[in-house]
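Participant: Protein sequences appear in the order of chains Y and P. Quick note, in my numbering, the first sequence goes up one by one and the last residue is 373. Quick note, in my numbering, the second sequence goes up one by one and the last residue is 450.
If you are wondering where the hints come from, they were derived from the structure by calculation, not from laboratory data. Among these hints, one or two may not hold up.
Label pairs and their in silico Cβ distance ranges [claimed, not checked]:
(1) Arg256(P) / Glu258(Y): 31 to 39 Å
(2) Val137(P) / Val226(Y): 36 to 44 Å
(3) Leu339(Y) / Asp198(P): 46 to 54 Å
(4) Thr194(P) / Ile195(Y): 50 to 58 Å
(5) Leu339(Y) / Arg172(P): 35 to 43 Å
(6) Thr194(P) / Ala270(Y): 32 to 40 Å
(7) Gly345(P) / Glu260(Y): 20 to 28 Å
(8) Ser167(P) / Asn127(Y): 56 to 64 Å
Among the chain Y residues that face chain P by a calculated CB cut under 8 Å, a handful are [unchecked claim]:
(9) Glu138
(10) Val209
(11) Phe218
(12) Ser224
(13) Ile225
(14) Thr305
(15) Leu309
(16) Leu324
(17) Tyr331
(18) Leu345
(19) Leu350
Yeah, the Cβ is synthetic: ideal placement off N, Cα and C, and Gly gets one too.
Here is what each chain is made of, one letter per residue.
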Amino acid sequence: MTQAPPTVEAFEARPVEDTRLIEAKGPWRLAWERLRRDRVAIICFLVIVLIVLVAVCAPLIADLVGHKPNATDQLGGLTPEGLPKGPSWSHPFGTDSLGRDIFIRVVYAARISLLAGVVASTLAIIVGAVVGLFAGYIGGMTDSFLARTMDVILSFPFLLFGIALVSIVGPSLGIVIGVIAFFSWASVGRIVRGQTISIKEKEYIEAARSLGAGDVRIMFVDVFPNLIAPVLVYLTLLIPAAIVFEATLSFLGLGVIPPTPTWGNMLAESLGFYQVAWWYVLFPAAALLITTLAFNLLGDSVRDALDPRGERLFRQ
Amino acid sequence: MVAFLVRRLALGLVVLWVMTGVVFVMFFVAPHNVASLIAGRQATPETVALVKHRLGLDRPLLTQYLDYMWNLLHGNLGYSFYNSSPVRSLIWQRVPVTFSLALGSAFLWLAMGISAGVLAATRPRTPSDRVVTVTALFFYSMPSFLLGVIIFYLFFYRLHLAGIGWFPGNGYVAFTSSPLGWAQHLILPWFTLALVTAAVYARLTRGSMLDVLGEDYIRTARAKGLPERRVVYKHALRSALTPVVTQFGIDFGTLLGGVIIVENIFGLPGLGQQAVQSVLQQDLPVVIGTILVAAAFIVVANIIVDIVYGILDPRVRVH
Chain Y
58 MTQAPPTVEA
68 FEARPVEDTR
78 LIEAKGPWRL
88 AWERLRRDRV
98 AIICFLVIVL
108 IVLVAVCAPL
118 IADLVGHKPN
128 ATDQLGGLTP
138 EGLPKGPSWS
148 HPFGTDSLGR
158 DIFIRVVYAA
168 RISLLAGVVA
178 STLAIIVGAV
188 VGLFAGYIGG
198 MTDSFLARTM
208 DVILSFPFLL
218 FGIALVSIVG
228 PSLGIVIGVI
238 AFFSWASVGR
248 IVRGQTISIK
258 EKEYIEAARS
268 LGAGDVRIMF
278 VDVFPNLIAP
288 VLVYLTLLIP
298 AAIVFEATLS
308 FLGLGVIPPT
318 PTWGNMLAES
328 LGFYQVAWWY
338 VLFPAAALLI
348 TTLAFNLLGD
358 SVRDALDPRG
368 ERLFRQ
Chain P
132 MVAFLVRRLA
142 LGLVVLWVMT
152 GVVFVMFFVA
162 PHNVASLIAG
172 RQATPETVAL
182 VKHRLGLDRP
192 LLTQYLDYMW
202 NLLHGNLGYS
212 FYNSSPVRSL
222 IWQRVPVTFS
232 LALGSAFLWL
242 AMGISAGVLA
252 ATRPRTPSDR
262 VVTVTALFFY
272 SMPSFLLGVI
282 IFYLFFYRLH
292 LAGIGWFPGN
302 GYVAFTSSPL
312 GWAQHLILPW
322 FTLALVTAAV
332 YARLTRGSML
342 DVLGEDYIRT
352 ARAKGLPERR
362 VVYKHALRSA
372 LTPVVTQFGI
382 DFGTLLGGVI
392 IVENIFGLPG
402 LGQQAVQSVL
412 QQDLPVVIGT
422 ILVAAAFIVV
432 ANIIVDIVYG
442 ILDPRVRVH
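Model the full assembly from the supplied sequences, consistent with the hints where possible.
Facilitator: This is how it looks when you write it as structure tokens:
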């Protein structure tokens with residue numbers, strides 16, 4: 058008698074799991090095939106991989122070119138007039154106003170920008186997805202409260218608020234990441250909430266409940282997998298936005314503090330010299346633009362691949 | 132409709148009230164050193180305490196908060212810590228600049244974004260569609276400060292070197308004193324803001340136009356022999372604009388962020404410039420006042436968006 062229930066359960070559970078596996082793989086494989094055929098997406102992906110590699114290998118590259126990000130070149134770093142020097146064999150991207158090598162600074166800045174972008178976006182995605190899932194699934198008062206909270210956050214003039222906060226607390230990478238995540242999760246939450254509300258009325262959710270699945274299980278096992286696509290697309294679009302936000306804060310002098318290089322604070326420093334040293338502005342600007350453009354183009358292609366009907370998921 | 136408006140207004144007021152609370156806690160309760168900043172570097176602790184007392188910062192926090200709220204309800208935003216002028220008039224002086232900047236660039240980006248989006252959507256997967264998409268994403272990926280600096284360099288610095296002074300590099304002329312001077316001073320900032328933002332609208336319009344053009348009522352319109360222009364612009368565009376309008380409401384927040392950057396690059400004496408300045412000086416009443424005004428803009432914009440919804444898309448009115 059005691060052995061009977063497990064066998065029955067195993068017998069019933071297996072086919073359900075199998076069909077779900079097959080159904081879940083179908084659209085993903087289709088999307089992957091569409092994405093692989095998209096040449097722009099592949100190029101952008103390779104560019105991003107390259108930038109990540111450069112960021113990770115920054116100390117190795119520093120050894121290779123023989124410059125440190127914060128070291129001034131005492132001998133050949135500046136012109137006799139004390140101005141930045143143009144690109145040359147020893148300094149391929151030229152030097153900055155303190156005689157530091159711009160190439161290695163751009164390389165090191167990639168670490169900060171990617172770190173800020175990826176960590177802040179991931180935090181925002183996790184918080185936004187969980188809050189949106191709970192709000193949409195539970196409904197009622199909890200939902201009203203959470204939805205209104207998201208409305209309030211979305212009504213914040215966030216850059217103004219960000220610089221105000223940073224000026225009070227003092228600039229640091231942690232604060233920058235916190236500010237970006239705080240103002241980004243609400244839009245993720247809104248999208249996830251909207252999707253959850255429509256998904257939870259579907260028959261298969263009812264089926265799961267009648268099989269005895271609990272709320273938490275339904276939320277994360279039955280509802281959440283359907284949200285991975287929009288969340289994934291949102292993540293690739295959020296990363297460049299976060300990178301731009303970090304650069305903007307650094308540009309205003311309220312982001313990461315010098316001498317730690319970021320593309321934003323390098324650009325801020327370079328603006329006093331744009332009349333005499335084009336390379337000082339050009340290379341950090343190009344690095345920033347190539348990175349954000351690659352992420353945005355990739356995000357766009359991923360969206361098209363996952364949802365061939367276009368921007369349906371992003372309407373709300 | 133009236134009940135809906137009342138509900139939205141009440142919600143908007145709650146949002147603003149929550150925001151005052153958050154901002155108040157952040158700036159008055161969190162440790163700040165505005166008193167020693169005003170008193171100067173050499174100040175004795177007594178002087179700092181005196182300054183603190185003069186600014187009313189030594190009172191219990193609850194008193195300060197209730198006092199602030201009481202004044203706020205009477206339309207008084209407090210007084211600047213630095214020159215004692217009322218925050219309301221400080222903000223009021225700068226509203227025309229920011230408003231001109233926002234209005235002009237909003238007009239430009241809607242015009243550019245929507246027309247580019249329609250262009251791309253009516254010729255999907257053609258070279259012109261590709262060009263619109265890539266251009267849009269290019270400008271979208273560019274931080275507004277970078278685009279501002281590039282535009283400043285090309286159209287102010289280079290042209291000035293060449294002896295062409297069409298576009299001044301800073302300052303503001305009131306519309307009432309010289310409409311031409313007003314436009315001249317604003318045209319570069321307008322384009323900076325508009326180009327960065329138009330990209331989003333081009334993408335959005337394209338996507339929703341493509342969806343709408345596939346609907347049955349468009350086929351009906353074509354079947355009854357309407358010219359394609361009329362189908363696209365009258366029938367399809369009207370309902371395709373709904374997501375665009377939502378985005379427009381949301382972008383008021385982003386716009387105010389962009390305004391901060393652009394005003395600082397082009398030396399426009401607007402709210403954004405004042406915001407950065409007062410933040411750096413920790414002039415708390417001005418900071419709070421600016422944030423509140425900005426938030427009120429956003430709340431009002433969102434309410435207007437909800438009303439415009441009903442006008443654009445009759446289906447919404449049913450709910």
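Participant: If a hint holds in the structure, say so; if it does not, say that too.
Facilitator: Checked hints:
Range check, Arg256(P) to Glu258(Y): about 35 Å between beta-carbon atoms, so the 31 to 39 Å window is met. With their beta carbons about 39 Å apart, Val137(P) and Val226(Y) fall inside the hinted range of 36 to 44 Å. The given range of 46 to 54 Å is respected by Leu339(Y) and Asp198(P), whose C-beta atoms sit roughly 52 Å from each other. As the Cβ distance of Thr194(P) to Ile195(Y) is approximately 39 Å, the hint placing it in 50 to 58 Å is violated.
Between Leu339(Y) and Arg172(P) the beta carbon distance is about 39 Å. The supplied range of 35 to 43 Å therefore holds. For the pair Thr194(P) and Ala270(Y), the supplied restraint of 32 to 40 Å is violated, since their beta-carbon distance comes to about 53 Å. Between Gly345(P) and Glu260(Y), the C-beta spacing of about 27 Å keeps the proposed range 20 to 28 Å intact. Separation of Ser167(P) from Asn127(Y) is about 31 Å and departs from the stated range, judged on CB atoms against 56 to 64 Å.
Look at Glu138(Y): its Cβ only gets to about 20 Å from chain P, farther than 8 Å, so that hint breaks. The beta carbon of Val209(Y) is positioned within 8 Å of a beta carbon in chain P (closest approach about 5 Å), and the interface hint is therefore held. Among the interface hints, the one on Phe218(Y) holds; its C-beta lies about 6 Å from the nearest C-beta in chain P, closer than the 8 Å criterion. Look at Ser224(Y): its Cβ gets to within about 5 Å of chain P, closer than 8 Å, so that hint holds up.
With a least beta-carbon distance of about 6 Å to chain P, the hint placing Ile225(Y) at the interface is held under the 8 Å criterion. Interface restraint check: Thr305(Y) against chain P, minimum CB-CB distance 6 Å, threshold 8 Å, status holds. Checking Leu309(Y) against chain P by beta carbon gives a least distance of about 7 Å; that is within 8 Å, so the hint holds. This hint holds: Leu324(Y) has a C-beta 7 Å from the nearest C-beta of chain P, less than the 8 Å allowed.
At its closest, the beta carbon of Tyr331(Y) sits 6 Å from a beta carbon of chain P; the interface hint therefore holds under the 8 Å criterion. Given the 8 Å rule on beta carbons, the hint for Leu345(Y) holds: about 7 Å separates it from the nearest Cβ of chain P. Taken as an interface hint, Leu350(Y) checks out: its beta carbon lies about 4 Å from the nearest beta carbon of chain P, inside 8 Å.
Checked against the numbered hints listed earlier, the structure breaks hints 4, 6, 8 and 9; every other hint is satisfied.
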